[in-house]
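Construct all of the structure, not just a fragment, from the sequences and the given hints.
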Amino acid sequence: MISTKKITFSYGKTTEFSFPDIYCNEGETLLVTGSSGVGKTTLLHLLGGLLRPDSGEISIDNTAINFFSERKLDHFRGKNIGLVLQQSYFIEAFTVLENVALASWLATGQQKTEKAKQLLEHLDLSSQLHKLPSQLSIGQQQRVSIARALINEPKLLLADEPTSSLDDENALKVADLLEQLAKEFKTALVIVTHDSRLKERFPNQILLS
Amino acid sequence: MIAKLAWRNTWFKPLSTVLSIILLTASVAIITVLILLQKQFEEQFSSNADDIDLVLGAQGSPLQLILSSVYQVDAPPGNIDYTEAKTWMQHPFVKTAIPLAFGDNYLGFKIVGTTPEYLNKFGATMENGRVFATNFEVVVGSEIASKLNVKVGDSFFGSHGDAKEGEKHEEAAYKVVGIVSKTGKVIDNLILSNVQSVWAMHDSHDHNPAHGEEGHVHDEDEEHHAETVISEEGKEITAVLLKFRNKMGIVLWPRLIAQNTKMQAASPAIEINRLFTLFGIGLEALAYLAYGIMLISGISIFIALFNTLKERKYEFALLRVNGASRFQLLQLVVIESMVLCVIGFFFGTIFGRIALLFISKSSDEEFKIAFNPLEFVWEKEGVLFLITIFVGVLAAVIPAVKAYRLNISKVLANA
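Top line first, the protein sequences correspond to chains D and P.
So in full-length UniProt numbering, spot 49 of the first sequence is number 49, and the numbers just go up one at a time.
So in full-length UniProt numbering, spot 223 of the second sequence is number 223, and the numbers just go up one at a time.
Bear in mind the hints are in silico, worked out from the structure with no lab data behind them.
Some clues are possibly wrong.
[Stated by the list, open to error] Cross-link-like lysine-lysine pairs, in silico, DSBU-like; alpha carbons within 35 Å at most: (1) P:Lys402 x D:Lys112; (2) D:Lys131 x P:Lys410; (3) D:Lys5 x P:Lys402; (4) D:Lys79 x P:Lys262; (5) P:Lys410 x D:Lys186; (6) P:Lys39 x D:Lys115; (7) D:Lys186 x P:Lys380; (8) D:Lys72 x P:Lys13; (9) P:Lys4 x D:Lys72; (10) D:Lys115 x P:Lys313; (11) D:Lys79 x P:Lys4; (12) P:Lys402 x D:Lys79.
Printed below as a string of structure tokens:
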């Protein structure tokens, strides 16, 4: 689960954000919405430990992360936070399976290839295991990033505009999949989006302004 | 895993990788050849000149005298009178004096008239048979024995001069009485007899009625014959290798001999030093060229790493998101550069040795000097390896630091 208390962040002096408090339990889904420029991605990066807040507190699984050292934060992020980004990025030289297994190695020091295989099969990618990511369709690529985000069974799953590049049918499919996986992996799911299709889909919402 | 990633990344962009490796390979190969050549060349030259303080021979180029008598690579400047040489050979300053008389060859291998002391000078022992004792008995160097498959008891005719195609001395055959053990020195490529055999071979010409082609005029100074015991009077030899008991001789004799006789005394140490200085300029220029190529390969690695940095920043950000530390990114970039360097060094070492093999083949044919491509000069090649690695690290520094300081949030937000 994740909770925040009065976090603020600023880019220089011109852009300052103060965010409403957020709370999301394991297995639940929280939608963060708002038009562009209100700091949706900034909030996501703060929650994911990619940025540090100027003030306030972020705690994941009852651990305050804002005072961690850089190295410890990297480690914590790898182990406890899964990120699904707007665009799917991969290690281009690694196969799909290796990409997912690499995430487990970076977080724990062990390559969980078997588990990565099961997870990818679970996400209907069993025939793509040994292909390069660039050979996959966008939808498949996104499912690979979801698998990669979940390989370490994180406490928090963050998704940044996961449906923006998908058609209606696939957008709902991905939404269903993410919600279902969050329950299955007992992880708190925070989705940042301005996609109105998702606003109708998830009741638990916070609007940034 | 980071290493595996580095390895895969290296081959994911094969073109720039191959370019960097080719450049590194070229420079390492050239330097390896230079290292081996220089070492083995100097080794061969100095080991052959061991125990020779001065060489007594005909006037002319001192370098030619040294090359012909010590290294057997050039024609001698001329002959000297044996009786005149003898007065110097028996001087109390002299510890050993080894006469050398060149005359004939057998299939291009020189037949040298000398004393058994010549064998001792090289520390050579007999592998088979015994040392030559009477006229026309020869011992054969190990290289010749294996190349021409010569055995003890064989006999052959020599050809006049040092050319294979020289006229044959068919009136008397040399008889092989021994094979010399392998020494790695010039003696491996020589056929040795006593000095009298060389004299006798050339004396006997006039006795042989069947042997009278016109233009055969090599023995105008060798008109003393008709004795079965060959007199030393008026006979000539090519050179004398001198080792002194009193080191004053090394300093005094060259001048003394030049002033008082028609001969000269040359020091192998000085002449070879002169030769090396000449060579040295060429070798140095080549070495600079090779290091220049290495610098270029370093720049090529730098450009390859730096260029891909822009497209790879997402990959780096992704690694960080997945829990990689900044240090691991630094490691990744440095290892990628290192992979190129190690591969380049590996191939360079191999190609350098292949090149040396070819050089050795042609130098063996022309000068009877062979090089061993399988030798490793650990110290110098170790330094070369460190330099290569250093180039790799240097090329990786800026890209690695850039990767280290990457702001992942910014990279991902601007996507």
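*For the pair supplied as a hint, Lys39 (chain P) and Lys115 (chain D), is the alpha-carbon distance within the 35 Å limit?*
Violated, at about 57 Å.
*Keeping to a limit of 35 Å between CA atoms, is the pair of Lys410 (chain P) and Lys186 (chain D) held or broken?*
Holds. Lys410 (chain P) to Lys186 (chain D) sits at ~30 Å (cutoff 35 Å).
*Measure nothing beyond the straight line between the CA atoms of Lys79 (chain D) and Lys262 (chain P); if it is 35 Å or shorter, mark the hint as holding.*
Violated, at about 93 Å.
*asked:* What's the verdict on Lys79 (chain D) and Lys4 (chain P), does the C-alpha distance respect the 35 Å limit or exceed it?
replied: With Cα atoms ~21 Å apart, Lys79 (chain D) and Lys4 (chain P) stay inside 35 Å; holds.
*When you check the alpha-carbon spacing of Lys402 (chain P) and Lys79 (chain D), does it fall within 35 Å?*
holds, 25 Å
_Given the hinted pair Lys72 (chain D) and Lys13 (chain P), is their Cα-Cα distance within 35 Å?_
Status holds; Cα separation ~33 Å.
_Lys402 (chain P) and Lys112 (chain D) were given as a pair; does the straight-line alpha-carbon distance stay at or below 35 Å?_
This hinted pair holds, its Cα atoms lying about 30 Å apart.
*asked:* Does Lys380 (chain P) sit within 35 Å of Lys186 (chain D), going by the straight-line distance between their CA atoms?
replied: Not OK: Lys186 (chain D) and Lys380 (chain P) at ~61 Å, beyond 35 Å, violated.
*Between Lys115 (chain D) and Lys313 (chain P), does the CA-CA distance stay at or below 35 Å?*
holds, 28 Å
*Given hint Lys410 (chain P) paired with Lys131 (chain D) - CA-CA distance at most 35 Å*: With a Cα-Cα distance of about 30 Å, the restraint between Lys131 (chain D) and Lys410 (chain P) holds, given a limit of 35 Å.
*Holds or violated: are the alpha carbons of Lys4 (chain P) and Lys72 (chain D) at most 35 Å from each other?*
holds, 24 Å
*Lys5 (chain D) and Lys402 (chain P): Cα distance at most 35 Å?*
Holds - the C-alpha atoms of Lys402 (chain P) and Lys5 (chain D) are around 34 Å apart, at most 35 Å.
The structure fails to meet hints 4, 6 and 7 from the earlier list, while all remaining hints are met.
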